[in-house]
Amino acid sequence: YRASFRQTFEEFTAPTGVWKWAIGWSLISLAGLIMAYDGWRRVAYNFDKPDSLTEEKLKKQLQFHIAARQGPMRHLSSKWDYETG
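Start counting the sequence shown at 333; every next residue gets the next number (this note's numbering).
Keep in mind the hints are simulated off the structure, nothing from the lab. Incorrect hints may have been included.
[Unchecked claim] Computed beta-carbon distance windows for the label pairs:
1. K392 / A354: 55 to 63 Å
2. A363 / L394: 43 to 51 Å
3. S336 / W357: 30 to 38 Å
4. W372 / K392: 30 to 38 Å
Quick caveat: nothing in here was measured; it's all calculated off a predicted structure. From the three backbone atoms N, C-alpha and C, an ideal C-beta is built for every residue, glycine too.
Sequences and hints are given; from them, build the entire structure.
Below, the structure written as structure tokens:
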């Protein structure tokens, strides 16, 4: 080791690497915010489905639309059993 403990010009002008620390903590903070938002979204928007989305109501709705001939029904009317209604 050298006898002089003074820094050389190259040593005191060398980059410190603080930018790595700043980017690392920024990414960790961003990940934490994303996880907090996702958790909040799961709790805040966890509502029960409306009654109109039950299988029975959807079937009645489809029956009404086919009977009323409301526009072209593609894909839906092909799955409807016209014999039993």
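Structure-based check of each hint:
At about 60 Å, the beta-carbon gap between K392 and A354 stays in the expected band of 55 to 63 Å. Take A363 and L394: their Cβ atoms lie about 44 Å apart, and the range 43 to 51 Å holds. The hinted window of 30 to 38 Å between S336 and W357 holds, with their beta carbons roughly 36 Å apart. Evaluation of the 30 to 38 Å hint for W372 and K392 yields a pass: the beta carbon distance comes to about 36 Å.
In the structure shown, no violation is registered for any of the earlier numbered hints.
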